[in-house]
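K.L.:
Take a look at the letters that make up each chain.
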Amino acid sequence: MNDEPNLPPQDEQLLRWIDRSLPEDQLKALDLSAPPAWHEQRAASQLTGNLLRSSLPRTVELPSPDLFTSRIMEVVQRDAPATAPASYITPFPSRFRQWFAPLASAALVAAGFLLWNANPHPRSSPVAETYTPDSRVIARAYFSDDADATVIDLENLEAVPDSREIRAFNIASADPAAPGEPQIFYAANGSRKPVVVLSHDATSAPHLRAIP
Amino acid sequence: MTSPSPSRSRRSFLPLLLAVLSSISHAFSQSPTPAATPAAAPTPTPAAAEALVDGLLFFASKDATTPLPKEDKVTLDPAVAQSLSLRLAKVFKFPHFHLIGRHTQKVFKEYESWVVPSKDLCLKIDYQGPAEGGGLNVHLQLWQDKKVLVKSDTVISPGQPVFLGGPKWRGGRLVFVVMQQAPAK
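Chains as they are written, first to last, in this note's numbering: chain A, 1 to 212; chain B, 1 to 185.
In silico DSS-like pairs for lysine-lysine, Cα to Cα no more than 25 Å straight-line:
(1) K193/A with K124/B
(2) K168/B with K119/B
(3) K193/A with K73/B
(4) K124/B with K73/B
(5) K90/B with K168/B
(6) K193/A with K119/B
(7) K147/B with K119/B
(8) K147/B with K168/B
(9) K106/B with K193/A
(10) K119/B with K106/B
(11) K119/B with K146/B
(12) K73/B with K168/B
No lab work stands behind these hints: they were computed from the structure.
Looking at chain A on its own, in the form it has when it is part of the complex (with noise of 0.2 Å):
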């Protein structure tokens, strides 16, 4: 008997039979019908779950997404074993096997998890989590004690061409633009003088446009 999901509609009914967000009548069938395996997977996601809150203050922020992935990625990483040979793994009991590789997987997003949260900072020495997208860059962040600052030191940076010229500004506080309006930005000196104006691409990165 194949008592485990094996079509995508059954995993999506999976899913949401776990996040408990199926209609009433359908949740009540489901727990009188779910397979085994089912019910297995619904008490390793709870477990999840549960540790991650009582191992989260109430209070945590979520971690930008970049910054958690990357986080994540990294313990995955460290922890996963140097892949073997196919016909070197001892095989276990198929019921074994069937829940360990969930299990396990959880455990290791549990365990990611904790990580991230095991060194709160404290008040007097803050530090930051970084993330470069070019892996060539590398962030070293550290609280300089000597300096009383967060330092983050990128090194391997592309250097700008010594022949350009570093456009600077001396500009003052402006509010936010409107939805899809450029933001302007005014000197500093009380003139009102526009001095640059900001608007974004279609990948939201900035587009800086001086004034003379």
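Given the coordinates of chain A, work out where chain B should sit on it, guided by the hints.
P.N.:
For chain B alone, kept in the frame of chain A given last:
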């Protein structure tokens, strides 16, 4: 006895992984989360500002007479400027720190804030709530032209700035400093 095929293993693994992520989502949904979706936000009139920050662009150099770009004169309280130069010198091994750009900007509660002391390096700040003990929890993105150099979740508080060591230029280095101004009394 036949072993489950890899595809079958994957089938059983995928829903569970998704379920775990669903649980994570639920775990976090029970925590207060910062609201910051600037793109979808309505027109701010006026926007609620949480704090005022200074974004300062320094050119760290070995040469006191290194020619600087002839831009608008940038001013900073001399005591603050001297203190910052001394602190920067403890981190970045240069004797001279020339302030070449400054942008004083409100940090908004529900909108992204851009700090633009230069056309070449600018900083996006997303406010993420008050920090324990004072200051701001923020998500920072340092941009160089169309490229984001680093993203960071950190804390900015009065007296404790964030130093971002940027690219090299003309034998020196560009350093971006972001610091919260002390609240007005």
